[in-house]
Each structure stands twice: as C-alpha cells, then as structure tokens.
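Chain residues, written in single-letter form:
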Amino acid sequence: MADTGVAEALLRQIEKVDGGADSLELANSLGVDHQVVVGAVKSLQALGDVISAELRSSKHWELTEEGTEIAEQGSHEARVFGSIPPEGLPQAELMVESIQDQVRETLLLVQRGRSTQLEEKEKNELKKRKLLSEVTVKSYWITKDSSFSTTVSKQETELTPEMIATGSWKEKKFKPYNFEAMGVAPDCGHLHPLMKVRTQFRQIFLEMGFTEMPTNNFIESSFWNFDSLFQPQQHPARDQHDTFFLSEPELAHQFPWDYLERVKRVHSQGGYGSQGYKYDWKLEEAQKNILRTHTTAVSARMLYKLAQQETFSPVKYFSIDRVFRNETLDATHLAEFHQIEGVVADYGMTLGDLMGVLHQFFTKLGITKLRFKPAYNPYTEPSMEVFSYHEGLKRWVEVGNSGVFRPEMLLPMGLPEDVSVIAWGLSLERPTMIKYGINNIRELVGHKVNLQMVYDSPLCRLDS
Amino acid sequence: MPTVGVKRDLLFKALGKTYSDEEFDELCFEFGLELDEITSEKEIISREQGNSKASSASDVILYKIDVPANRYDLLCLEGLARGLQVFKNKLDAPRYRRVSPVSGDRQRLIITKETAAVRPHAVAAVLRNITFTQERYDSFIELQEKLHQNICRKRSLVAIGTHDLDTISGPFTFTAKRPGDISFRPLNQTKEYTATQLMSLYKTDSHLKHYLPIIEDKPVYPIIYDSNGVVLSMPPIINGDHSKISLQTKNVFIECTATDLTKAKIVLDMMVTMFSEYSDFLSFFSESAESIAQLLTRMCLLSQTTGDELEVEIPPTRPDVIHACDIMEDAAVAYGFNNITRTIPRTYTVANQLPLNKLTELLRQDLAAAGFTEALNFALCSQEDIADKLGKRISETGAVHISNPKTADFQVARTTLLPGLLKTIAANRKMPLPLKLFEISDVVLKDQNKDSTFFPGRCAEIFVCGKSVGRLGVLHPDVISHFELTMPCSALEMDIEPFL
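Protein chains in written order, with the UniProt record's numbering: chain A, 1 to 464; chain B, 1 to 500.
Excised from the complex, chain A in its bound form (with noise of 0.2 Å):
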C-alpha cells in the first residue's frame, strides 16, 4: 500500500477535527503534493469503513504563465513605458505621464489568493487575455467513518502457510476479492464441440446395447453404397451432381459374385416377392468408386456378413462417420458431414418396434414427444420422417429419417425371410448447431473455425 505514513498522518489530522478537512487544506498542511493526499484518500477507503471522503469540486482563478510573468514583471505595456529612455522618443504621443498598471495589480491579487475581491467583468476580461484562467478543482471533503482508527492496518491478500502454522491468521485482515475482475485463464486444451457430440452420441448407442461398426473408409463403390441397396442405377442421387466420383481409382474389382448376380437379377428381373426394377443393370455403374453418400454402405455390407454365418443372431448396430454430398453448399450444409445411424436386425421386428427404439434414443436426447410422417426412401418401406415439437420454435421440427429396410435388399443376401431390419438416422452437425448456438456450419466445421469458438465451447449434455 502506498505510503502509509502520510495515510496515518492523514488520519491523526481528521481525528483532530470536529467534522471534517478538505483535502486541499490537508495537503497544504501536510506540505505535500495534493494527488498523494488523494492517494492515501483511495487506499484508506480500500480498508473498509476508515474514513468517508465526498468529492467536492470548487473553481478558482488562476494566473496563466503569461499572467504569473506580467504579475512578476508588469504588464506589456507597462514594460513599453519602463523602457523608453527618459530623452523621449519620437513616436512619443504617449498619452499618458505615468501609468498605474492596472493589469498587474489585479494579477497579483490574484495570485495572493483575493479574486473574489475583483469584479467578474475584470476577471472576465483578463481571461480574455489569456492572462486569467478558471480551474476546477477536485477535493475530498474527509470524516470519520464507523470504523475510524488512527492506525492503519495492513490487509493480506493470501493466506499463507507460515500465518496458518503461526496462527496468526487470527489477528490479520484480508482485503476483500474483487469480483468485477476476471481472473487469468488458466493453460489447458479443448476438444471441438462436434465431437464433444459425437462422444454423448456413441455413449447412448453404448448405453442402448448397439455394437459399433466399422467406418473408416471414406472411399466405397457404387455396388455397396447404392446397388446393394436396391437403390436403382437410373437414381438421380446417382448423379454427378450429388455424389463424388473418383477419376483415381476409378473402378472397383473385387466383390462377392454370387451375391453381385443376385443383386443383378432383382434390380433388372425382380424375384424375392418383387416385381423389380425392369432395367438393363449394368456392371461398370456398379463399380465406380465413389466418395460414400451414406454410412448405410457400411451396414449393407455388415447385415451381408451376418447372412453369411452359420445361423443367424440378432443384433444392433451403429455407426457416426462422415459422409460426402456434392450439392449446393449454403449456410447449413457443406460437402462433408457426419452421419449418425442405427440397426437392428431381428425375427419379427416391426413398424411399432421402431418406432420404440426411436422413443428410447430420443428420450436420451431429452426429447419425449415424437410424431411420424409417411415418407420415401429407395431403400425402406414403410419409411417414417421422424418429428419432435420444439417448445421455443412452437413447432413440429424434423429430427431424423426411419424405416425398414426392403426384402429387395436384405433377402439377396441370404437373410432369412422373416427377419426383419429396422434402421434410423440423423445428422451429427444439425443438434450439435442447435445445442451450442451456431447458425453458419462453417463456423463449427472445417480449417476457418473460429478457435476461440473451440476455446470457450461448453460441456456437451444432450439430455438437458
């Protein structure tokens, strides 16, 4: 604390008093500069309730540098006069014998502090002149407060070891913390906020019982990604415009030829129970390489492998990977996102057993109440759009897509007939926009993200 020896000086000369000093006055009689009497003022009242200073403000004159050299030397034309020479001078129409200089002795006025005796058209005028000036003065008028003591005490800012083995902590003030101050942050590292999501996201499929599938290959040909899903060669999601082919490499060769032929013959003959496609099927589409449109490639190829044990088990599968669209980029999509989706396969399943899963796994995301729209996809029928009623939109918002997958698809791999597999997705980046605010999908994905965004990104809770 600064200067606590003009702070207790201070004190002693208010305790003298009946009521209270001024600053100023303080600061004269002290014979020291008036900002350290306002610093001491400061420090006091950091204590606590020592000392009660209101701040005043009061004008005065004031003489410029140039007045304070008139006052010294006279006025300018005082000093003409002084210095001509007494033979005279030619231009000597000096109208005058002698002079009074007038300026002076109202500027020594007031410098020796008696302005008020002067009129305000004078002071008026000399301001004028620049010779006068009016100044404001900030001071403290000083009392006593309730907790008034002579002797000021000095407050500790941490407790420290030697107080608590001393026990002196006891007799020790501690200043108050200031909680308008922020604190400094302390050195850590973050994890990005879309896979804080995708961490809750894999939790619940865990927590659900759902094995984990395996997506790392962002690369998949045309046959599993939309063939093996009985999604027809003609598709327009086919197209250049939605899906990213490879020049490099651009086919693939390896595949299960007895399963390709079957998948051949429903598209173009039909069979299982269908009428098919009625189209010339063709081997060079099904083999272009693509970047995949859906994580469903790799349950098709997970459900062909179960076909192919022994006997069959149920099971329940999942999946969040990323997956590429070559659409029209705007504020809410861009040609890579993550898509979350789940599988089960099992003897009898059925429509209201979908929709069950569906209640469980949104219920984990704390929603609870969920509508279902008829809708189209070319590899699920019945398909259900899945809607939850947002309380702040007021509305029913879309929260995911559904179905069963067709006996087109699942009978040519050799699933028996009456198991039936239901399967569900969603978008990773649609709740993670809602959950933490974000409105443009650049700012949470990709090289231009904001990293203080990441920074300060809270803990992801989906259920609340």
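Honestly, the hints are just simulated from the structure, not real lab data. One or more of the hints may lead you astray.
[Stated by the list, open to error] Below, simulated PhoX-like cross-link-like pairs (lysine-lysine); rule was C-alpha separation at most 25 Å, straight line:
(1) B:K467 x B:K389
(2) B:K265 x A:K278
(3) B:K423 x A:K448
(4) A:K394 x B:K64
(5) A:K448 x B:K389
(6) A:K282 x B:K154
(7) A:K278 x B:K154
Chain A is fixed; fit chain B onto it per the hints.
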C-alpha cells in the same frame, strides 16, 4: 422431392371441402405430403423480378406441395385430389378400364426397325370425349412437364407427345430418318424446317436447347407420322404444329417414345389415368371389404379378402408398388402411423466398441489434458495442399482423385492431416500464442499393395539383397483393353542400376 403447384381454391373444390392452412397441413402430414409454401404468382414474380413486374400478375393463392419421389400419380391436381378423396373415404378407389371406341377400329402405332438405333420403344393410348377447360388444359401440359423432369430423366428416358386426334388420321408410324430427310412445321412456327435446321434454331431456345444432345449426334432422328405423312412429333425435341391440342380438342392421342420400355408404360399410364376423369367413358366400380381391405382401398389399392388371404388390385397409377411391403406401407399410412402402438423389441445384445474408435477416444482425452486443442478439418482438399505445399510431387502421394471437382478444394482426398492443421492455424493468426492443435481422423491412401497394372494375385515385386528393383506379373484386363489388345499378356520391368 418433386414440388407440385396447385391453385388452392381449385384443389378445395376438387376435394369438396375448404380447409384452413393448418388443417390442410395436418392432412398432408398424415398422408405423407408436405405443404411447402403458400404463395401466389404475384408473390413469385415479385420475389424474382421486382414489384413493378408483378403488378399485373395474379394473386390467386397457390399451394406448393412436396410429394414423395416415387408417386407419379400425385404430380398434378387431379391425382392429388383423387388420392386425398379416397384416403378420406369421400370417393371410392377408382378402377381403370381400357374401353374400345364406340365406332371403328382401335388406333395403331407401327414401330419400324430404324428406331432401334436411337429410340427403340414406344407406347400409345387414346383419351376419348374429353372436355378441356383452361385449367384442365394447363394441368395437362404441366403434368407432362413434371413427368419429363422426374421419371423421364429430362426426356432422355421417355418423351411424351400429345395430339388432337381429330386433326390426324391413323395408322401412325414411328420411325427414324436422317435429319436432312425430315421436314415439317414445328409447334408455334409459321414455316417448315428440316431437322438439321431445327437443331440450329433451338440452340438458342432456353427451354429446348437442353434436349438437343439426346439425338443430335445420332445418324437418324426419331419421327412420328400419320397415314398422310403429317408429322406428329420429332421426339424428344418438339411436336408438329398441325396436331397441337387446343381447348376445343375432344379426342387426345398420346404417344410415349423411350429408351426404357418399363418407364414408358408407367408414364403412359399416368397420363391416361390422371385425365380419364374428364372423359365421359370411364366407369367407377366400388367394392366393400373388411379392415385391411378397407384401409388399402383408401389408398387407391382396391382389395378384397379371399379366405385368409388378401387380394389387392394395383392400379396403373401405382407403379411404385412392386412388392407386398409397398402394400403394407399403404395400409399403415391409412391406419395412421401415429395410431400404431409402440413396442420395445426384446433383442438382447451386448455392445462392443470398435477398437480403433475406442483407442481414439482415449487418446483424444489425454491430448486435450496435455494442453492441445482439437481441430476438425475437411477430408477433401486441393492437390497443392497435399503435394506442392508439402514439398512433394502429387504422383508420390498415393492420393485418390475426384473426377469433375467443382473447385480446387475438391480435387483429392487428404493423405495426411498436416495441411488441415496448418490451414487452421493460418485462419487463426490473431489468436494468442502458443497454438497447440491436434486431430485424430481418417486419411485416404491408395492401396499400394494392389498394383492396378497387374491382375490381382498374379504379380510380384522383385527384391535383390533386400531392395525392391521391379515388378513382374500378368497384366490386368483393363490395361490390356486400354491398349486395344485382346490376348492375355505378362510383363516384367526392372531397374538395372543396382547391378552396376
């Protein structure tokens, strides 16, 4: 999803009921449609071209309704209204029957073998005793356009031509001729043009120029004549002016030429069934049925029970029904998805994490604890990003390349995570130092083991003293074809410098 624009009041008139916007929205939800937008012609023009151009436009309310991509029977007002009427039990599910003409023989369309080179298939039908109003006429034209854009894949798979039967006379011939040999007066023109001239004429037509490439380079162009040599149409480009339809037309000849016969039949069925209600020759049958049969009937799938089984008649308006599961979905829609009781499956499974992801999650936590911040970068980037900027040649990287990337940012899939992190730092220059970043994610590398030059399993790398000096093997069939060879071929290639 295709969008159909219908005049709201016309739709309500066809439905026989006026709905509030909310009520109609609810009906759409139950049926599987979406009321996307409520607007008017005036509003649309105002939005696209400014208020001044819109002042004379109509402000009749339009509903823009999204329909599922596989429901071609809902692409026009007539189909929508019919589907919804039957769903709400206001109308019995129609049965469509082919009816012979009252007098005279049926019409014939003869297809010659020349068409095989360019557009092999055609189907045709006649709608008799039709009455057109301006609205019905507009709807008729609009449906053709919608079908062309959707199932016809912009006329490349199927093209529709509609003609006033009373201006032409059968039998009709669908053939293909050299462009120079075709001459006729096309729709809305005053003089005759040869097909070659038409190709140039329409190059500047904003609507038709997109269809020219379908036949442009073929040696012969498709053409349909009547028995007097009058040109009906040159599919898929333009119809003849002679046979064009007007509000006065009473009998319509519809032809669909195609490269896909199945789709041609579907398209023809749509055209005929949608507008058959305006013909005086359609009869409707109704049948009573029980529970599921009743539900299906509400979906235009006429059904009856025969013992334990259910017999369902699939109308021509529903080519999307190809398996019993499609019928089941319609039954569920009629029942109401939200009326189905939810159940929990009894499937017992134990969850397993993918080991790679499990390890990744553990590493992420500890990397963050060590003070690093996680970045999330794109998997697609420019060639420069993974090669030049890293001091490599692109051929050394083993990267996969995207064909037709829209911008340089989509040229390749990343082979390393480094460029992404460096770009993140560059975009965050203003952040206080130190910047400590990490990312754990997939990269894409060509399978180097699979040397695509050789036939898999029939090749080998040659090693001398532990160093690779070359490869040998049977060449891959693709390689053989690329060089216009036909016989299997083996090759060996070796670096001789190590032997110096």
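Hints, one by one, checked against the model:
1. Of the pairs offered as hints, the one joining B:K467 and B:K389 is violated, with about 30 Å between alpha carbons and a cut-off of 25 Å exceeded.
2. For the given pair, B:K265 sits about 12 Å from A:K278 by alpha-carbon distance, which is consistent with the 25 Å threshold.
3. Of the supplied pair hints, the one linking B:K423 and A:K448 holds, its CA atoms being roughly 8 Å apart against a limit of 25 Å.
4. A threshold of 25 Å between alpha carbons decides the hint, and for A:K394 with B:K64 the separation of about 23 Å falls inside it, so the pair holds.
5. Between A:K448 and B:K389, the direct Cα distance comes to roughly 18 Å. Compliance with the 25 Å bound is thereby established for this hinted pair.
6. Between the alpha carbons of A:K282 and B:K154 the distance comes to roughly 21 Å, so the proposed pair stays at or under 25 Å and holds.
7. Distance hint between A:K278 and B:K154 is fulfilled; the C-alpha atoms sit about 20 Å from each other, no more than 25 Å.
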